[in-house]
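Q: The chain contents come next:
Number of protein chains: 2
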Amino acid sequence: MQLIDGKAIAEQVKQEIAAQVAEMVANGQKRPHLAAILVGHDGGSETYVANKVKACEVCGFTSTLIRFEADITEEELLAKVKELNEDDDVDGFIVQLPLPKHINEQHVIEAIDYRKDVDGFHPINVGRMNIGLPCFVSATPNGILELLKRYNIETKGKKCVVLGRSNIVGKPMAALLMQKAYPGDCTVTVCHSHTANIKEECQAADIIVAALGQPEFVTADMVKPGAVIIDVGTTRVPDSTRKSGFKLTGDVKFDEVAPKCSFITPVPGGVGPMTICSLMKNTLLAGEKVIYK
Amino acid sequence: MQLIDGKAIAEQVKQEIAAQVAEMVANGQKRPHLAAILVGHDGGSETYVANKVKACEVCGFTSTLIRFEADITEEELLAKVKELNEDDDVDGFIVQLPLPKHINEQHVIEAIDYRKDVDGFHPINVGRMNIGLPCFVSATPNGILELLKRYNIETKGKKCVVLGRSNIVGKPMAALLMQKAYPGDCTVTVCHSHTANIKEECQAADIIVAALGQPEFVTADMVKPGAVIIDVGTTRVPDSTRKSGFKLTGDVKFDEVAPKCSFITPVPGGVGPMTICSLMKNTLLAGEKVIYK
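Order-wise, the sequence lines are chains A and R. Just so you know, we're using this note's numbering here: the first sequence kicks off at 1 and counts up by one. Just so you know, we're using this note's numbering here: the second sequence kicks off at 1 and counts up by one.
Each statement offered as a hint is correct.
To give an idea of the chain R side of the interface with chain A (calculated C-beta under 8 angstroms), a few residues: (1) K156; (2) G157; (3) K171; (4) C191.
In case anyone wonders, no lab produced these hints; they're calculated from the structure. Each residue gets a CB set at the ideal place from its N, CA and C atoms; glycine is no exception.
Model the full structure from these sequences, guided by the hints.
A: Below you can see the structure in the form of structure tokens.
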């Protein structure tokens, strides 16, 4: 069994980006610039955004953090989005989700200029990804592709089961893994709450991408010997022995599944670190204007 | 075994649309207006477009057919697209594919205002469909959903195998059948040229959607008793006994598969007639401005 070290790969990718940025700057080009809008003071969101700002520093990007209180109106937020759309110095930007309930997230996502939508959530980017056209691919599925690539994991003709059909992980992951490409060319099955026999589906899989958000859902009896296991789950499970009071728990029962696998991602330190890394990659692409002019 | 009569359902749907149009007109609203651009004189395209114009008449739509010779430049075609985008009387329009090789089809598709893109090929409509937002769904998958609905075929929790991963049938079909909806909530597997064991995948399926374009690919030994078979294939196979010189042949070996099924679509007369019908449905929605303002 080989552990997929997402943390190490993420560091490596960020160093590669930093080298490219240094070259851009040496050639007289401007540093890629990522802006992030953070609304309110949600603990998780604060951490994510802080990590994104930190990653920008490592990559040599310019970053701007724009904060609003939770009582900002949708109109005010949309006005800021418009401003960032029109700001030539900003190559890409994100609006950290979730947003307060009185704001329609979909309105905000669709207001972002797709050419600056480095989160890859705008319908144009989702559509282009599905058609197989160049676009900003959303962070988590893109990070998983990168891990498969870096570990030279064969995907062509493999049977892949994706657990979960969310818009930001399950569905795009399935679309990407079925495409004529590497990684890709998998026979993909998407399972969800209405799947009749998830255990049997998993047992037939060469690759399992678990993105249900159900702690330790995938157990050893569900896994074929030699399978590749990608664990996207990150549920905070209460743990009184920890200072934080919780433990990040994946969708896979790691201790019993790991010995059966050929490759497995740990939680934390597997898919998680790759997510921010993918955002950095998209920001670099936005800065280089290679996807959209 | 029950034959799914796409021809009859298509007639029924068109009559329903005609009734709605009559009501719109009685209320002083304008008739929905579909425009079609046809480039060159490809036999298949001529037939499709003629059938679309005929279907418009049945539905009570206004239709406009715009013809260009095959040597039209991409710029000239894009100029016409722009003109139709800006023509307030035109609710929706299509550019009949395929286009001559010197024209980039993707450029043309993306030039169409997505609010008039009744073919549902624009990335915004593809993306919205994948996210589960209101949009123009492309014709063939939408027609199949309609058939499943009209025959009250249960889909929730069913194992569905989609054969083929094309952008206009396989991929959207898979996305729609996995969504939290009816028809939908299936456990979907997408198979293609790199799938290791298509026979076994098909044998496990409650519903098979065959869209490979390989005549009589699905044989009786691949089908579970009681399965639902949707045949999207329409390959012209030479047949000297026919005046046309060819026979439209599906992806399913109908004679041997039909007796094993609960439901099956014939070729011709199954999915085919529903495709134009879906286009009419989208044109009605465009005329009513219910999806986009």
